[in-house]
Structure formats: C-alpha cells, structure tokens
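Go ahead and model the full structure; you've got the sequences and the hints to work with.
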Amino acid sequence: FGRGEDVASVLADARATLTAAGFEVDYLELADAETLTPHGSGDTAPDRPRRLLAAARMGSTRLIDNIAVMDG
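Using the working numbering, the first residue of the sequence shown is number 4, and each one after it goes up by one.
Honestly, the hints are just simulated from the structure, not real lab data.
Computed from a predicted model, the values in this text were never measured in an experiment.
It is possible that part of the hints are untrue.
Unchecked claim - Have a look at the derived ranges for each label pair, beta carbon to beta carbon:
hint: 1; residue 1: 63; residue 2: 43; range: 28 to 34 Å
hint: 2; residue 1: 20; residue 2: 50; range: 25 to 31 Å
hint: 3; residue 1: 15; residue 2: 68; range: 17 to 23 Å
The beta carbon of each residue, even a glycine, is placed where N, CA and C say it ideally should be.
Here's what the structure looks like:
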C-alpha cells in the first residue's frame with residue numbers, strides 16, 4: 004500500500020485471489036490500527052498505523068485474521 008497503489012484496487016485483487024482459491028470472503032478491509040475506522044472514511048490520517056482485517060469461509064470453517072500493514 005505504500006508504493007502508490009490504489010487501496011480499493013489492491014483489496015479487489017486480494018478478494019479475487021481468495022475467491023479463486025475457493026474462499027467465500029465475508030470482508031477484507033484496511034483500517035486504522037487503533038480505531039478500526041476503515042481506510043478512506045475521511046477519519047484516518049495517512050501516517051497512522053493500519054491493519055488489514057479479513058474474514059473468509061472455506062467450507063464450513065470461518066477464518067478471521069488481521070495483520071499490520073506498514074507503508075514503504
């Protein structure tokens with residue numbers, strides 16, 4: 004995300020990759036690490052830490068995870 008990529012495009016590509024692998028994506032969102040406010044909502048500063056949040060199903064199993072996202 005720190006190399007000038009459009010966040011919406013990167014998230015769409017990630018969603019497509021997960022779907023192609025057989026996952027049913029419930030959500031995939033880039034959010035402020037402290038407030039969990041979604042990126043692009045106008046309430047997040049570009050220099051704040053962010054997390055990528057995801058939930059997806061594979062069969063009857065629901066997987067939920069998050070990871071820190073650093074610029075650069």
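Cross-check of the supplied hints:
| no. | hint | in the structure |
| --- | --- | --- |
| 1 | 63 / 43: 28 to 34 Å | 33 Å, holds |
| 2 | 20 / 50: 25 to 31 Å | 28 Å, holds |
| 3 | 15 / 68: 17 to 23 Å | 19 Å, holds |
In this structure, none of the earlier numbered hints is contradicted; all agree with it.
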